[in-house]
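Enquirer: Given next are the chains, with one letter for each unit.
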Amino acid sequence: MVKPPIATGGPGPDRERVMQLLGGIPDPEIPVISIVELGIVRDVAFEGEAVIVTITPTYSGCPAMHAIEADVRALLGAEGYGRVELKTQLAPAWTTDWMPEAARARLRDYGIAPPMGQAGSDTHRITLHGRSVPCVRCGSTHTERLSAFGSTACKALYRCLDCMEPFDYFKPI
Amino acid sequence: MNCSSHHFDYLLRLGGSSLVLGQRMAEWIGHGPVLEEDIALANVGLDLMGQARMLLTHAGALEGRGRDEDALAMLRDVPGFRNYTLCELPNGEPVSQVGATRDYAFTLTRNFLFAAFQCELWKALGASRDAELAAIAAKSAKESRYHYGHAADWMLRLGDGTDDSHRRMQAALDLLWPYTHELFAADAGEAELEAAGIAPRSETLRAGWLQAVEPVLAEATLARPADTGFLSTGRFGRHSEHLGHLLSELQYLQRAYPGAQW
Numbered sequence: 001m002v003k004p005p006i007a008t009g010g011p012g013p014d015r016e017r018v019m020q021l022l023g024g025i026p027d028p029e030i031p032v033i034s035i036v037e038l039g040i041v042r043d044v045a046f047e048g049e050a051v052i053v054t055i056t057p058t059y060s061g062c063p064a065m066h067a068i069e070a071d072v073r074a075l076l077g078a079e080g081y082g083r084v085e086l087k088t089q090l091a092p093a094w095t096t097d098w099m100p101e102a103a104r105a106r107l108r109d110y111g112i113a114p115p116m117g118q119a120g121s122d123t124h125r126i127t128l129h130g131r132s133v134p135c136v137r138c139g140s141t142h143t144e145r146l147s148a149f150g151s152t153a154c155k156a157l158y159r160c161l162d163c164m165e166p167f168d169y170f171k172p173i
Numbered sequence: 001m002n003c004s005s006h007h008f009d010y011l012l013r014l015g016g017s018s019l020v021l022g023q024r025m026a027e028w029i030g031h032g033p034v035l036e037e038d039i040a041l042a043n044v045g046l047d048l049m050g051q052a053r054m055l056l057t058h059a060g061a062l063e064g065r066g067r068d069e070d071a072l073a074m075l076r077d078v079p080g081f082r083n084y085t086l087c088e089l090p091n092g093e094p095v096s097q098v099g100a101t102r103d104y105a106f107t108l109t110r111n112f113l114f115a116a117f118q119c120e121l122w123k124a125l126g127a128s129r130d131a132e133l134a135a136i137a138a139k140s141a142k143e144s145r146y147h148y149g150h151a152a153d154w155m156l157r158l159g160d161g162t163d164d165s166h167r168r169m170q171a172a173l174d175l176l177w178p179y180t181h182e183l184f185a186a187d188a189g190e191a192e193l194e195a196a197g198i199a200p201r202s203e204t205l206r207a208g209w210l211q212a213v214e215p216v217l218a219e220a221t222l223a224r225p226a227d228t229g230f231l232s233t234g235r236f237g238r239h240s241e242h243l244g245h246l247l248s249e250l251q252y253l254q255r256a257y258p259g260a261q262w
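Taken in order, these protein sequences are the chains called A and B. Taking our numbering, I'd label the letters of the first sequence as residues 1 to 173. Taking our numbering, I'd label the letters of the second sequence as residues 1 to 262.
A portion of the hints provided could be inaccurate.
[What the hints assert, rightly or not] Just a few of them, taken from the derived set where beta-carbon distance is under 10 Å, the chain A residues facing chain B:
no.: 1; residue: A74
no.: 2; residue: S147
no.: 3; residue: A148
no.: 4; residue: S151
Source of the hints: derived by calculation from the structure; they are not laboratory data. Remember, it's a predicted structure, so these values are computed and weren't measured experimentally. Even glycine gets a Cβ: it sits at the ideal position worked out from N, Cα and C.
Let the hints inform the model, and build the full structure from the sequences given.
Expert: Written out as structure tokens, the structure reads:
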């Protein structure tokens with residue numbers, strides 16, 4: 001696991017409070033992990049009256065990003081922050097490597113196999129069925145990929161060939 | 001950062017190509033040969049649309065005339081688009097003459113050829129001196145790798161499949177190959193972009209692209225078509241007759257109800 005590059009500048013209790021609040025916002029599609037654990041939140045800063053939250057997209061076209069922005073505004077607004085601004089930062093590009101072990105365990109319990117190993121960085125040929133993803137129900141690695149793309153941009157669909165359970169797999173990128 | 005017209009055009013080219021191919025993917029929604037592939041093409045399309053949004057937003061900001069992603073995507077006509085012609089070809093008839101508006105062999109083969117190109121492109125642009133473009137490239141590279149993997153998988157299965165699937169994949173490849181020439185063709189602006197460290201000359205991407213394409217074709221028992229002198233010109237705004245039809249659908253709502261939001 002690699003730590004997400006959350007900016008450390010601008011200390012103070014207020015910043016920590018905001019980070020803590022953001023840590024309570026679940027991902028709209030995968031409610032067992034927070035947007036902070038997912039590595040979407042990059043920075044929290046203050047400018048005068050405004051609190052500025054910098055986020056990074058998971059996939060370029062992920063529709064959940066709009067829901068996440070709305071959730072951040074709603075929560076911070078309700079907590080008394082009068083002006084909330086959202087900024088998008090692209091670099092460094094989001095990677096599943098930032099997901100902490102605790103979040104991976106919760107994903108597994110929820111029925112989604114967490115990303116395996118380090119996200120590949122080679123540009124060429126990736127084989128889509130090269131990894132034996134362990135079944136989230138029985139742990140067997142005798143599984144097969146049913147579909148390279150799943151119910152959301154970040155997932156693929158697998159099936160266990162021992163217990164026959166179908167399950168989502170969070171793709172490493 | 002100063003924005004030359006070549007720089008702006010280059011961003012329009014990349015953003016337009018992602019946009020137009022993304023729209024072609026969207027045309028498959030609800031019509032995929034199996035549910036998994038329906039979802040796959042929708043996801044690939046979503047990634048391409050995301051790339052288009054980032055690239056066109058960046059182009060509009062550099063241009064400095066107040067045009068945002070929507071203005072560039074929805075309020076320009078055919079000659080304003082700079083996408084590669086490859087991306088605008090319809091998914092089936094009339095280019096692919098299989099008697100259907102959607103030809104999966106043609107769609108996948110194009111995805112394979114273009115994703116392999118995008119992988120090379122993003123790798124090179126990751127080092128661009130245009131920091132925003134470099135960031136977009138680093139982000140998109142991860143997605144294009146996956147698109148490539150998906151399409152390559154099907155190239156193998158169908159190319160090295162039944163006699164009928166092999167014949168259809170080869171026919172698609174033969175039709176599409178000449179349009180790949182444009183991806184690597186020189187143009188008047190590229191020396192300037194190379195000197196400024198913004199983008200590589202197109203020709204330099206070809207060797208890496210062939211390395212990604214040729215082994216898969218060989219394994220899929222498909223013959224690599226011979227190169228010809230054919231050169232399409234979408235990147236100069238001179239398009240096939242198909243782009244206008246695509247835009248009429250893509251842009252309908254903003255044309256009929258300017259500024260509509262929901």
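Enquirer: Which hint numbers doesn't this structure obey?
Expert: 1
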